[in-house]
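Peer 1: Residue numbers (full-length UniProt numbering): 1 to 118.
It is worth saying that the hints were derived from the structure and are not from the lab. Some hints could be false.
Cross-link-like lysine to any residue pairs, in silico, SDA-like; alpha carbons within 20 Å at most [to be verified]:
hint: 1; residue 1: LYS22; residue 2: SER10
hint: 2; residue 1: LYS55; residue 2: LEU21
hint: 3; residue 1: LYS22; residue 2: THR9
hint: 4; residue 1: LYS49; residue 2: THR67
hint: 5; residue 1: LYS49; residue 2: GLU65
hint: 6; residue 1: LYS27; residue 2: GLY41
hint: 7; residue 1: LYS50; residue 2: LYS66
hint: 8; residue 1: LYS55; residue 2: ASP32
hint: 9; residue 1: LYS50; residue 2: VAL31
hint: 10; residue 1: LYS50; residue 2: LYS99
hint: 11; residue 1: LYS22; residue 2: ASN52
hint: 12; residue 1: LYS49; residue 2: LYS27
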Amino acid sequence: MTNSTFNPTSSGSQRFLLKLLKHIDTKTRRVDLEALAEEEGVTVSYVLKKLNGIKAALVESLDGEKTGEEQPSGSTDFMQKKISKRKGSTTASASKAKKSKLKQEIGDSVEEKDIQAD
């Protein structure tokens, strides 16, 4: 069984795919595996293993869509974390509250000084 852990949102995966596209002959649709392996600094068998892993992950993803199952993806997890941080964050509202409180205190102290000056 091929390892099908492929995260399309990771920078390493994106770099590998860009290098892969660079070494594809569009006319014959063949990949120069030797050149790709040399650029990656790995063996040809490792490149083949990585390509088979990508293929298996894509097939699993398509199978999940056909059956209606939701497949977890890295981008969804990232967005959920970002949204939960945004919802749970009180820094924006806290800073607004601090500013309005500070304005009130400054306004109160200015009024007191005006009263004392009269």
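Peer 1: Next, verify each hint and record whether it holds.
Peer 2: Checked hints:
1. LYS22 / SER10: Satisfied, since the Cα-Cα distance of roughly 19 Å is no more than 20 Å.
2. LYS55 / LEU21: 15 Å, holds
3. LYS22 / THR9: The hint holds at about 19 Å.
4. LYS49 / THR67: Roughly 27 Å separates the two Cα atoms, so the pair is violated.
5. LYS49 / GLU65: 24 Å, violated
6. LYS27 / GLY41: 26 Å, violated
7. LYS50 / LYS66: 25 Å, violated
8. LYS55 / ASP32: 17 Å, holds
9. LYS50 / VAL31: The hint holds at about 14 Å.
10. LYS50 / LYS99: 54 Å, violated
11. LYS22 / ASN52: 18 Å, holds
12. LYS49 / LYS27: The given pair, whose Cα atoms are some 24 Å apart, is violated under the 20 Å limit.
The structure shown violates the earlier hints numbered 4, 5, 6, 7, 10, 12.
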